[in-house]
Amino acid sequence: MDTNLSSYTRLPDQPTAAPNRRPVKAIAGIFLSILLLSSLVAFILNNGPRDAPNNVPKSQVLPETWMPPSRGVEQGVSEKAFREYSGMDPEYNWTNTMLAWQRTAFHFQPQKNWMNDPNAPLFHMGWYHIWYQYNPDSAIWGNITWGHAVSTDLIHWLHLPIAMVPDHWFDSNGVWTGSATLLPDGQIVILYTGDTDDYVQVQNLAYPANLSDPLLLDLVKYEGNPIMVPPPGIGMKDFRDPTTAWVGPDGKWRVAIGSKVNTTGITLVYQTTNFTSYELLEGVMHAVPGTGMWECVDFYPVSTTGRNGLDTSVNGPGIKHVLKASLDDEKKDFYALGTYDTINDKWTPDDPELDVGVGLRVDYGKYYASKTFYDHNKQRRILWGWIGETDSEYDDLMKGWASVQTIPRTVVFDVKTGTNILQWPVEEVEELRRNSIEFNGVELAPGSIVPLNIRSATQLDITATFEVDKEALEGVLEVDVGYNCSTAGAGVRGALGPFGLIVLADHSLFELTPVYFYISKDVGGGYKTFFCADEIRSSLALEVNKKVHGGMVPVLDGEKLTMRLLVDHSIVESFAQGGRTVITSRIYPTKAVDGAARAFLFNNATGVSVTASLTVWEMKSAYIKPYPFDDI
Amino acid sequence: MGNSLISLSLAFFLVILLSLTIQSPVSAQNDLITTTCKQTPLFQLCSSTLRSNLQSESADVAGLGLIVVEVIKGKASEALGQVRKLLRAGNPQLKGPLNQCVTFYKTILEADVPEAEQAIRGVPKFAEDGMVDAAAGAGSCEEGFGGKSPITAMNMAVKDLAVVARAIIRILL
Chain A
1087 MDTNLSSYTR LPDQPTAAPN RRPVKAIAGI FLSILLLSSL VAFILNNGPR
1137 DAPNNVPKSQ VLPETWMPPS RGVEQGVSEK AFREYSGMDP EYNWTNTMLA
1187 WQRTAFHFQP QKNWMNDPNA PLFHMGWYHI WYQYNPDSAI WGNITWGHAV
1237 STDLIHWLHL PIAMVPDHWF DSNGVWTGSA TLLPDGQIVI LYTGDTDDYV
1287 QVQNLAYPAN LSDPLLLDLV KYEGNPIMVP PPGIGMKDFR DPTTAWVGPD
1337 GKWRVAIGSK VNTTGITLVY QTTNFTSYEL LEGVMHAVPG TGMWECVDFY
1387 PVSTTGRNGL DTSVNGPGIK HVLKASLDDE KKDFYALGTY DTINDKWTPD
1437 DPELDVGVGL RVDYGKYYAS KTFYDHNKQR RILWGWIGET DSEYDDLMKG
1487 WASVQTIPRT VVFDVKTGTN ILQWPVEEVE ELRRNSIEFN GVELAPGSIV
1537 PLNIRSATQL DITATFEVDK EALEGVLEVD VGYNCSTAGA GVRGALGPFG
1587 LIVLADHSLF ELTPVYFYIS KDVGGGYKTF FCADEIRSSL ALEVNKKVHG
1637 GMVPVLDGEK LTMRLLVDHS IVESFAQGGR TVITSRIYPT KAVDGAARAF
1687 LFNNATGVSV TASLTVWEMK SAYIKPYPFD DI
Chain B
27 MGNSLISLSL AFFLVILLSL TIQSPVSAQN DLITTTCKQT PLFQLCSSTL
77 RSNLQSESAD VAGLGLIVVE VIKGKASEAL GQVRKLLRAG NPQLKGPLNQ
127 CVTFYKTILE ADVPEAEQAI RGVPKFAEDG MVDAAAGAGS CEEGFGGKSP
177 ITAMNMAVKD LAVVARAIIR ILL
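If you're matching them up, the sequences are chains A and B in order.
Per this note's numbering, the very first residue in the first sequence carries number 1087; after that it's consecutive.
Per this note's numbering, the very first residue in the second sequence carries number 27; after that it's consecutive.
I should point out that these hints are in silico values taken from the structure, not numbers from a laboratory.
There may be inaccurate statements among the hints.
As the list claims (entries may be wrong) - Dumping the calculated BS3-like pairs for lysine-lysine here, alpha-carbon to alpha-carbon at most 25 Å:
hint	chain 1	residue 1	chain 2	residue 2
1	A	Lys1406	A	Lys1502
2	B	Lys111	B	Lys121
3	A	Lys1417	B	Lys132
4	A	Lys1346	A	Lys1417
5	B	Lys151	A	Lys1418
6	A	Lys1198	A	Lys1417
7	A	Lys1198	B	Lys132
8	B	Lys151	B	Lys174
9	B	Lys151	A	Lys1346
10	B	Lys64	B	Lys99
11	A	Lys1646	A	Lys1677
12	A	Lys1607	A	Lys1646
13	A	Lys1323	B	Lys151
14	B	Lys151	A	Lys1198
15	B	Lys132	B	Lys174
16	B	Lys64	B	Lys121
17	A	Lys1502	A	Lys1417
18	A	Lys1646	A	Lys1556
Said to hold, decoys possible - According to the in silico footprint, chain A covers these stretches of chain B (three or more CB under 8 Å from chain A):
hint	region
19	137 to 150
20	162 to 172
Built from N, CA and C at the ideal position, the CB exists for glycine as well.
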């Protein structure tokens, strides 16, 4: 009898594969554990410390421009913003007298509120016209429309009603900058940039409703707008400010528009026969790497022999073309002289080292969005430039206005140097001159300052000549390299400079604005001359942005050093060597206002005496006011 | 027992998986808010301000800027209210600077904030001007008390937010 055998019999309900399942179960278990573990790890990683930003080096998070501007000498830091960071600088306690004084007497500005770029300047039926970017509601930017004014002489302006408002989908977010083209048959074509309701930049066509109206009061927008939209490869916000058109040898019109590709500033060219349909030409007219977006491109011919201006379409021998751009990244206007190939619509700079955006500036001071037009009335090329404020927005809101335009300037090729244009205030401004006083042969020993005995010093036209004794000049041996207007200032003394004029100063020189020459001898025995305007001590107000502006000015053998200053309350326009180098400054004194303002001659050089001769005129007001419709 | 171990592991795994899915988009190291705020000098303030606003999740950079501007509007209104309250309390020593602060904050609310709101998508450089001014205004209000300000926290809040907004706007330039 074997009863033990029966205990080894498999029970009928147990699966036969039982022994095989144990390895599978183990694998499943391991697999799941790995999954669990990895998900746990992933979970922990995702919720890890978010302290990465603290590990980012400070230089990445706090770019140089975050540092409050130094109260002393400024580095020429490129700055994209129109206004500097004023940090904790308290607002100056302006009085109404000080603020009211800041308004100019003979520079174009609207009666109140904000202005920026000049638009579509032209001459028509006896009147010079200027339209401009205007905010009808506030002294800061916004609600941009086209303001309008006319003048018979570019000086005595009369305000007209607003010409264009953002009332169509193709410009509802801004009626922006544009230019006018005068056609041979008498038509006037205005091309302007509209910011659409979707914030896309497009080009639009407008034209006067009534060409026989000398005041061109009404502008009509073409119902087929927009006539140009950003082409493929061009950003929707990188397509603005169409130029005046010019006609090519093939009879077709061309228009240039600034843009950029990555950080390369470019000029696009469109071709048209009817101004309503346009064809983008292949390639670009010109491009300069590293210059960023080109705003307010301007393109025009200058005669290399004559003194007259030229119509935008003129071409041929004895002509060079100026290409100009307002660099968005730096808020500065640059130009270059070069040659225009009309067959391929390409422009090449005379000197690639001085290409657009890396070479000469139109104006070395507070100056932007400049635009020229051909004045067929007097055969001149005339240049407009927008001069913004360098005080704070708060100051502008307090005083109720912001920005002026320069006195229009004639532009000609500088035949003597061959490398510059010459800008000069239009001669019509001289009609405001009165009560001239001459100072002849004033000797300025090193370290001297001489007050100018004039009646008032707030509205002036000054022409001055400075002579440095030739022997003394050559006798100075020390070499002076690396001078730079923006890193120096009138307080930095060299053997051969600075010397010049001081304007908008109070009698004790708490506030002063020196405009001066500085000659530096370089290693080869030659000389470099700098022309600078120093705003550092121009005002006791801390929130005002004060810099030293300027640049080199070519001085040829045998030339005396000459400068011309237009002083008009809070704006000073300074011209060296007949306009080879120009600096516009905004000045907001707290003391040197009204009768307290003074002017001086000075020589802060250590090694030479300087002889100065000058004529000072007082300037009348231009009485810019609304057009007297009621008196008709 | 093996059965329940598997089930337990599965359940645990699922829970973790779910929580990961929910957390991912917000905590991803390089979402737009993080990359934007890294370009401001006040990362924590920028990040917390934006994340506490639901619209920030779907906003572009300009939209993030507008959110900060909106917060500035609120803080500036608060500050203005507090300034007026203190004026009513009548402390003669504070009267001068408090009156200045009224002007500064009215400027921020009536000019700087609207300018930034209008310009941020079209012409960001002017929006930047508005925020520079707002920071300066709050700073000037604070300075006016010569070290004895009763509203330092409020002034600094507005100023710091304006600094953040400006930095965000600069990205758009």
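Cross-check of the supplied hints:
1. Pair hint Lys1406 of chain A plus Lys1502 of chain A holds up; C-alpha atoms about 15 Å apart against a cutoff of 25 Å.
2. For the given pair, Lys111 of chain B sits about 11 Å from Lys121 of chain B by alpha-carbon distance, which is consistent with the 25 Å threshold.
3. A hinted pair counts as satisfied when its Cα atoms are at most 25 Å apart, and Lys1417 of chain A with Lys132 of chain B does not qualify at roughly 29 Å.
4. As the CA atoms of Lys1346 of chain A and Lys1417 of chain A are separated by approximately 15 Å, the hinted pair is consistent with the 25 Å bound.
5. Our distance criterion of 25 Å between C-alpha atoms is met by Lys151 of chain B and Lys1418 of chain A, whose separation comes to about 14 Å.
6. For a cut-off of 25 Å, the pair hint linking Lys1198 of chain A to Lys1417 of chain A stands: about 24 Å separates their Cα positions.
7. With a C-alpha separation of about 20 Å, the suggested pair Lys1198 of chain A and Lys132 of chain B falls inside the 25 Å cut-off, and the hint holds.
8. At most 25 Å may separate the alpha-carbon atoms for a hinted pair to count; Lys151 of chain B and Lys174 of chain B exceed this at roughly 35 Å.
9. For the hint linking Lys151 of chain B to Lys1346 of chain A, the alpha-carbon distance of about 17 Å falls within 25 Å, and the restraint holds.
10. Between the alpha carbons of Lys64 of chain B and Lys99 of chain B the distance comes to roughly 23 Å, so the proposed pair stays at or under 25 Å and holds.
11. Annotation: proposed proximity of Lys1646 of chain A to Lys1677 of chain A is violated, straight-line Cα distance about 34 Å (limit 25 Å).
12. Restraint check for Lys1607 of chain A and Lys1646 of chain A: the C-alpha separation of about 17 Å stays at or below 25 Å, so the hint holds.
13. For the given pair, Lys1323 of chain A sits about 13 Å from Lys151 of chain B by alpha-carbon distance, which is consistent with the 25 Å threshold.
14. A hinted pair counts as satisfied when its Cα atoms are at most 25 Å apart, and Lys151 of chain B with Lys1198 of chain A qualifies at roughly 22 Å.
15. For the hint linking Lys132 of chain B to Lys174 of chain B, the alpha-carbon distance of about 22 Å falls within 25 Å, and the restraint holds.
16. The hinted pair formed by Lys64 of chain B and Lys121 of chain B fails the criterion: a straight-line CA distance of about 40 Å is larger than 25 Å.
17. A C-alpha spacing of about 30 Å is found between Lys1502 of chain A and Lys1417 of chain A, which places the hinted pair above 25 Å, so the restraint is violated.
18. Proximity of Lys1646 of chain A to Lys1556 of chain A is assessed by CA-CA distance (about 11 Å); at most 25 Å being required, the pair is judged to hold.
19. Proximity of the region 137 to 150 of chain B to chain A, defined as three or more residues with a beta carbon under 8 Å from a beta carbon of that chain, is established by the 9 residues found.
20. Counting residues of the region 162 to 172 of chain B whose CB lies closer than 8 Å to any CB of chain A gives 7, so the stated coverage by that chain holds, three being the minimum.
This entry does not satisfy hints 3, 8, 11, 16, 17, going by the numbered hints stated previously.
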